[in-house]
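Throw the hints in and build the complete structure from the sequences for me.
Residue numbers (this note's numbering), protein chains in the order written: chain A, 91 to 404; chain B, 91 to 404; chain C, 91 to 404; chain D, 91 to 404.
It is worth saying that the hints were derived from the structure and are not from the lab. Mixed in with the good hints, there may be bad ones.
You can't tell identical chains apart in this list, so a pair holds if it fits in one copy or across any two.
Here are the computed lysine-lysine pairs in the DSSO-like style, where the Cα-Cα straight-line distance is at most 27 Å [what the hints assert, rightly or not]:
| id | residue 1 | residue 2 |
| --- | --- | --- |
| 1 | LYS101 | LYS265 |
| 2 | LYS275 | LYS319 |
| 3 | LYS400 | LYS110 |
| 4 | LYS110 | LYS275 |
| 5 | LYS110 | LYS265 |
| 6 | LYS380 | LYS110 |
| 7 | LYS400 | LYS275 |
| 8 | LYS309 | LYS274 |
| 9 | LYS241 | LYS309 |
| 10 | LYS110 | LYS274 |
| 11 | LYS241 | LYS305 |
| 12 | LYS241 | LYS319 |
| 13 | LYS274 | LYS298 |
| 14 | LYS241 | LYS298 |
There are 4 protein chains.
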Amino acid sequence: MENKDYKKFLKRVNQFEVFKNADIVNFMNSSRETGFNLKRLALACEIYKEMIVDRECVKFFGLAGALVPAGMQAILRDFVLEGYIDVLVSTGANLTHDLAETLGYHHLQGERNLKDLNDVDLHAEELNRIYDVFLPNNVYEGIEDFVRDLKIPEDNMSVSAFLHFLGEQLPDNSKSLLKACAEKKVPIFCPAFTDSGLALQLGFHHQKLNLNHFKDMLKMVDLAWDAKKAGVCFVGGGVPKNFIMQSLQFCPTSASYAIQITMDRPEPGGLSGATLSEAISWGKVNEEAKYSTVITDATIALPLILWYLKSVFS
Amino acid sequence: MENKDYKKFLKRVNQFEVFKNADIVNFMNSSRETGFNLKRLALACEIYKEMIVDRECVKFFGLAGALVPAGMQAILRDFVLEGYIDVLVSTGANLTHDLAETLGYHHLQGERNLKDLNDVDLHAEELNRIYDVFLPNNVYEGIEDFVRDLKIPEDNMSVSAFLHFLGEQLPDNSKSLLKACAEKKVPIFCPAFTDSGLALQLGFHHQKLNLNHFKDMLKMVDLAWDAKKAGVCFVGGGVPKNFIMQSLQFCPTSASYAIQITMDRPEPGGLSGATLSEAISWGKVNEEAKYSTVITDATIALPLILWYLKSVFS
Amino acid sequence: MENKDYKKFLKRVNQFEVFKNADIVNFMNSSRETGFNLKRLALACEIYKEMIVDRECVKFFGLAGALVPAGMQAILRDFVLEGYIDVLVSTGANLTHDLAETLGYHHLQGERNLKDLNDVDLHAEELNRIYDVFLPNNVYEGIEDFVRDLKIPEDNMSVSAFLHFLGEQLPDNSKSLLKACAEKKVPIFCPAFTDSGLALQLGFHHQKLNLNHFKDMLKMVDLAWDAKKAGVCFVGGGVPKNFIMQSLQFCPTSASYAIQITMDRPEPGGLSGATLSEAISWGKVNEEAKYSTVITDATIALPLILWYLKSVFS
Amino acid sequence: MENKDYKKFLKRVNQFEVFKNADIVNFMNSSRETGFNLKRLALACEIYKEMIVDRECVKFFGLAGALVPAGMQAILRDFVLEGYIDVLVSTGANLTHDLAETLGYHHLQGERNLKDLNDVDLHAEELNRIYDVFLPNNVYEGIEDFVRDLKIPEDNMSVSAFLHFLGEQLPDNSKSLLKACAEKKVPIFCPAFTDSGLALQLGFHHQKLNLNHFKDMLKMVDLAWDAKKAGVCFVGGGVPKNFIMQSLQFCPTSASYAIQITMDRPEPGGLSGATLSEAISWGKVNEEAKYSTVITDATIALPLILWYLKSVFS
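Written out as structure tokens, the structure is:
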């Protein structure tokens, strides 16, 4: 390769300034030509914007972990209400915690005095710890009461159909992700649904229930197959990432836009930390795709991306 | 706290030596009173040994990721054959890759010349990359042929019952984890089964299949409820960890022994990186439990633990 | 502990919303009562603000890595020019790269075509890679020319005195961190100075030079000893963190405010990943201190903190 | 690339078995053709062996962190005594802790009862915490007494000359790394020496001391320049890695063998997490080099590598 060649795609790093009256769009645009994870976050903003502008693109959103406990409920709801998500794949945990907040229960946080609390004491206090957030145990009683009284229309419906039904039962004007998806008819897939507190209560109180997971799997493949173009945004990895990826793998249309926000690392070989470049080898992301793997906590990245998108599209 | 008190539980760090004729039991025993992750690995060996010695203890083993691609198939099989696992919870990925190897397909590895290969080229070569391991695409055809011809006894059987049936179909004298579990009657739970290449082929060729995931969930709760004592070993986190943990959470018997091997970190709040101490607040691990969170790659830890256990119990 | 007690310090997680016309101060204030790393970043903003408001507080800033290559030069300069740093401890790398940019050389970045570039090719092109940033090799010639012609006033001056002298030689109106520190009389300590490209050139061309590192060490202890109150901000860990910490360890005044931004983890036992809580055991941070360990890439956190501070103090 | 080409360098993953009467050489040889970090650890063993066999190769060993607190003192000493290290570059921390143990002080460890100890209590107990190891504060008094009485031969000697002198003062038959290096005439470089508890005591009690760091820097460049072949082993990153790398960068002989053991990650752009492949772009590692970046805790990797090497060369 000759000197003149690499200059085609390399430019000066932007030693940018931040002004007090900056706005988030300028901030991200300035960050776009820097380095390390700031650049990748700015690139993720740009790619998400392009996914939205591209009307042929179906936007798949994979949501791992439990982000509602960390205050992300309204952020996630707004991704749905603003039309930034077409298909949601979630863990059961996010749905369980969304339900808890929507039913009027709350996660707790605060500065702890080092001498006051430890996990043994927390257990005695019936406070379940999620890193620096605490879930009072009584939330499960509230979920149990709600779930027991549900009139589930069909024992063999798919998980996504059940979750749509569930969202419809929830109060308006809430911050609920389940409700927002029901309203906007955004399907929620949850392949590991029985791995959740919500499903446990369902199983205990609706013994004939056999939600059809295979129906979801095939519906998801259809959605991927039918998409003229596909875009993916992965918040964490886990089952949501893999479920979207396996649906795209054998489709004519692999992802043309791809964003991943994760704190996992690639070297131990797990999918959660695997790079988006690796996905090209599988045909999950196509080789002409724009993609950005951002190594940062989703609680930082997601609100910033939402702020950027709301500002760009306002 | 007075000076004399902390001395009850603090001892000198062992500045140990390694001799050329060392054996793995001596090595781990010497490492037991050091620090950082070596100590925790040695403690994990000790705890696993005690779990096995304790005849009342039911040993739950959560297997995330896809470790078979990295050469762990026979290691995992031996954990089952030696009686070190009573209940296995796995991702679909491990089962899919186990099936591939058992059907005669192989994962590839090798030193790559930096100038030779990248993900675009790999895609053209139909080599799917898993960090530094490669899966030739034709393996899916082999799985498809095998799955299409299966005579599945019941469309609504549980996933674990199906996986037992599947294991029985596999050849003897293989390194198969599925086969070993079938032989030793170790139940395999796979809550996110539809998130796997194996399930995709099942769904495509057995359209009436509706494996009952709720039956698995309730069976798992029964196993946890019936255990006089419980021990857990988590290889990675993900759904396998959570599924075991949610079953123990509301049982009279939370885990008395707990091992976790992970490279994920706790601060982003996901369960995969959550410490075992945190699990005490939830009542998933009991406050008198012996536990060890080892931050290392499972490909390093698992074979060493197996070597230690085989040596101790030989 | 009774129920009423923990309520004193636990509050509801704030399920906050982000509006398109948000500003950074509102954004961080809303994030203050959430969880995981967003909360910790918001807390870091609050603590930095309080450090600045507290006129008795000497603000020590430890700067690891090489952040100038990633576009952080003007961000760092503004921390100095705005008066947010009283004492800077840096790696030699940051100073070398700052000098390179100030002398008119540039780091490069860009989207690479996967098939175009790898490390062997980059070496042939004389492009030194720093993750996704590239430093053309000719920058070293520019530094060499500049360094060779320096009239160093004294062979045995301290490193910090030399760096002040160096900053004075640099052009006005630049984005230089060295220049800004010279102008604002912010001392720069660089305990591992000889571990840098800048020092190599100095050593080659000024053979009698013996910058007195012990003088720096003792001056730093004096600064820590004389501080009525101390605040620390660590960007990464390494020598800069330890050098500040060892100076505070035996002083009457350990840190009352402490911020750490790092991607390293605590379990391998290195100081770079060690928590600020651990520093309390050493007496480096005092037990009444406000502190926040933020696990995120500094390229994301630093510009956001600067934006917050400029907005608060405008 | 055609099918036949990639087969030249790709082979089947070895689904290896571990037998109770395994030895470490067989274990590592079996692991050599697997994947993820086990493979890389096995490759590191092989590379280290080849470095030793290659009589032209000068073996540079970079030692970050503080590994002596975690029980690695005799392990490190044996690397020196066995002739596996020709040039050592270390942090000041490792030397300070080595001195403490050699003077008869000890690091402590133990299972802590969660309700017993926290960092505030540890401070009250004068126990400095290093993750899960504890250093009693009185060790500093012992170091102070020892350092005060030293008869330092020359105020302007290089750091490495001073460290050789220091090693000579230490008792025989100890586990001391400093002593072993003095005996075997292995030079120890410590570019950030003034960033250590040892240097602080030196500075307090020997006010005229001005150890010549530039002399070390130039001596290190000479060693790199004179090496017919170079091999590097980095335990962690930090200053030791960079100091070795900057010396090799401009030499005719960049490293032909390279091993890195680290838990840091590459994406934030710091040298500690940078891959060895990246070093090829800089000309620090040559493009024909055999290299292995192992992502694991050094406390696990180092003793295993030593065990392997002692067995191979016995």
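- [ ] Give me the numbers of the hints this structure contradicts, sorted from smallest to largest.
- [x] 12, 13
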